[in-house]
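**Q** Just so you know, the sequences run in chain order A and B. One gets our numbering by counting positions in the first sequence from 1 and adding 344 to each. One gets our numbering by counting positions in the second sequence from 1 and adding 344 to each.
Hints were generated in silico from the structure; no laboratory data involved. Worth double-checking, as some hints may not be accurate.
It does not matter which identical chain is used: a pair holds within one copy or between any two.
[Claimed, not checked] Listed below are the simulated BS3-like cross-link pairs for lysine-lysine, each with C-alpha atoms no more than 27 Å apart in a straight line:
#: 1; residue 1: LYS472; residue 2: LYS439
#: 2; residue 1: LYS394; residue 2: LYS415
#: 3; residue 1: LYS472; residue 2: LYS347
#: 4; residue 1: LYS472; residue 2: LYS384
#: 5; residue 1: LYS519; residue 2: LYS489
#: 6; residue 1: LYS439; residue 2: LYS347
#: 7; residue 1: LYS384; residue 2: LYS415
#: 8; residue 1: LYS384; residue 2: LYS489
#: 9; residue 1: LYS412; residue 2: LYS347
#: 10; residue 1: LYS394; residue 2: LYS519
#: 11; residue 1: LYS489; residue 2: LYS439
#: 12; residue 1: LYS415; residue 2: LYS486
#: 13; residue 1: LYS489; residue 2: LYS415
#: 14; residue 1: LYS439; residue 2: LYS411
There are 2 protein chains.
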Amino acid sequence: MTKGDETRRAILDHACRLASRVGLEGLSIGRLARDLELSKSGLFAHFQSKEVLQVQVLEAGAVRFVKKVVKPGLAAPRGEPRMRALFTGWLRWAKSNSMPGGCLFVAAAAELDDRPGPVRDRLVALQKDWLEVLANVARSGKAEKHFRADLDAEQFAHDLYSVMLGYHHASRLLKDPRAEARANAGFESLLSGARRRRQIA
Amino acid sequence: MTKGDETRRAILDHACRLASRVGLEGLSIGRLARDLELSKSGLFAHFQSKEVLQVQVLEAGAVRFVKKVVKPGLAAPRGEPRMRALFTGWLRWAKSNSMPGGCLFVAAAAELDDRPGPVRDRLVALQKDWLEVLANVARSGKAEKHFRADLDAEQFAHDLYSVMLGYHHASRLLKDPRAEARANAGFESLLSGARRRRQIA
Chain A
345 MTKGDETRRA ILDHACRLAS RVGLEGLSIG RLARDLELSK SGLFAHFQSK EVLQVQVLEA
405 GAVRFVKKVV KPGLAAPRGE PRMRALFTGW LRWAKSNSMP GGCLFVAAAA ELDDRPGPVR
465 DRLVALQKDW LEVLANVARS GKAEKHFRAD LDAEQFAHDL YSVMLGYHHA SRLLKDPRAE
525 ARANAGFESL LSGARRRRQI A
Chain B
345 MTKGDETRRA ILDHACRLAS RVGLEGLSIG RLARDLELSK SGLFAHFQSK EVLQVQVLEA
405 GAVRFVKKVV KPGLAAPRGE PRMRALFTGW LRWAKSNSMP GGCLFVAAAA ELDDRPGPVR
465 DRLVALQKDW LEVLANVARS GKAEKHFRAD LDAEQFAHDL YSVMLGYHHA SRLLKDPRAE
525 ARANAGFESL LSGARRRRQI A
């Protein structure tokens with residue numbers, strides 16, 4: 345890694361942490377320059393514009409998310425154990441000190457939903473990738489016969505993401521001490537529904 | 345209603361719609377003055393500060409939410425029908441033209457979670473009130489024997505709120521045409537889990 349790469353990486357690390365608290369809109373090249381004691385012109389040389397910076401922060405966050413959550417999760421055996429590993433990895437990620445404001449992507453989702461443009465487009469693509477990972481693991485659970493054959497894998501992925509959003513809301517906004525227990529209970533209910541044969545009315 | 349009350353109401357109506365799109369931080373007295381062709385000094389006379397304006401917008405949103413969602417919902421028979429009425433009312437609210445950016449409170453939740461102060465405090469109180477309404481209706485479902493006796497009413501309320509957050513994410517950010525179908529399926533799974541006797545392992 346060159347000195348330039350190192351600096352760039354340090355800037356993006358700091359920017360990811362900051363964005364998890366203040367949102368992507370709260371990032372500014374001026375603020376990063378102050379926080380990191382770098383010149384604004386040096387930062388502009390790295391990122392050209394706020395929009396480029398925001399996209400780069402999402403990319404850096406995604407690289408970190410794959411390393412911390414997706415890869416270790418996919419290393420678990422297919423089906424239910426893999427789903428469980430992804431879920432616990434995601435909870436760890438959302439609680440970790442490296443994300444002082446909770447999951448960067450959850451924070452960005454609410455912020456960007458009404459702001460068309462390349463930053464939003466990149467976020468949507470990343471969120472769809474994550475939902476697709478979850479749906480694929482749900483499918484592997486059907487193949488392994490952990491889950492019932494008629495499970496709607498995309499619905500499962502959506503429901504699991506909802507559990508994660510609920511966790512974020514309860515822990516970050518409401519400061520509910522039971523947030524994690526609630527998320528775990530929600531996850532176990534989903535698994536139990538995925539295992540159960542559909543009742544014939 | 346005096347002329348002053350009417351003006352105040354028109355301002356808050358507009359501000360609620362705007363905040364559902366741009367967030368409470370995106371509200372500014374200058375922008376409202378431009379949009380509504382009022383003087384900034386006149387707006388300051390009504391709201392004194394941005395923070396007062398933000399709290400008033402939450403209050404106005406809450407009054408509207410009670411009128412549109414809570415009251416009609418609570419008019420339905422106790423237990424499951426009442427839960428269903430609240431859920432469909434909430435979906436209608438989140439889709440309505442009067443909230444062009446989706447539910448004001450969901451948008452505010454992600455925005456304010458790391459911003460301590462009176463605006464956040466008011467939002468937290470309002471969100472807890474809503475969760476308490478949902479938990480109470482879950483309890484009425486147990487009393488009516490629609491739901492199993494060992495249902496955790498607060499967990500149910502949390503899980504239902506998660507379904508709503510998932511709907512917001514899928515419809516607003518991902519523009520998923522199946523967002524509403526997914527939310528309905530999530531809701532039916534929750535109801536089905538609430539009805540079912542817990543299996544003895």
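**Q** Give the relationship of LYS472 and LYS347 under a CA distance limit of 27 Å: within one copy only, between copies only, both, or neither.
**A** neither (34 Å within a copy, 50 Å between copies)
**Q** Evaluate LYS519 and LYS489 at a C-alpha cut-off of 27 Å and name the case that applies: within, between, both or neither.
**A** neither (38 Å within a copy, 32 Å between copies)
**Q** Tell me, please, which holds for LYS394 and LYS519 at an alpha-carbon limit of 27 Å: within, between, both or neither?
**A** between (31 Å within a copy, 25 Å between copies)
**Q** My question is about LYS384 and LYS415: at a cut-off of 27 Å on alpha-carbon distance, are they close within one copy, between copies, both, or neither?
**A** neither (36 Å within a copy, 54 Å between copies)
**Q** Within, between, both or neither: how does the pair LYS394, LYS415 come out at a Cα-Cα threshold of 27 Å?
**A** neither (30 Å within a copy, 45 Å between copies)
**Q** For LYS415 vs LYS486, is the C-alpha pair at or below 27 Å within one copy, between two copies, both, or neither?
**A** within (21 Å within a copy, 43 Å between copies)
**Q** Is the C-alpha distance from LYS439 to LYS347 at most 27 Å within one copy, between copies, in both cases, or in neither?
**A** neither (31 Å within a copy, 50 Å between copies)
**Q** Classify it for me, LYS472 with LYS439: is the Cα-Cα distance of at most 27 Å met within a copy, between copies, both or neither?
**A** both (22 Å within a copy, 22 Å between copies)
**Q** Given a CA cutoff of 27 Å, do LYS489 and LYS415 count as a within-copy pair, a between-copy pair, both, or neither?
**A** within (23 Å within a copy, 45 Å between copies)
**Q** Evaluate LYS412 and LYS347 at a C-alpha cut-off of 27 Å and name the case that applies: within, between, both or neither.
**A** within (25 Å within a copy, 58 Å between copies)
**Q** With identical chains treated as interchangeable, where does the CA-CA distance between LYS384 and LYS489 reach 27 Å or less: within a copy, between copies, both, or neither?
**A** Result: close neither inside a copy nor across copies, 56 Å intra and 65 Å inter.
**Q** Within a copy, between copies, both or neither: which one fits LYS439 and LYS411 at a CA-CA cutoff of 27 Å?
**A** Close inside one copy (16 Å), not across copies (37 Å); limit 27 Å.
Comparing the model with each numbered hint stated earlier shows that hints 2, 3, 4, 5, 6, 7, 8, 11 do not hold.
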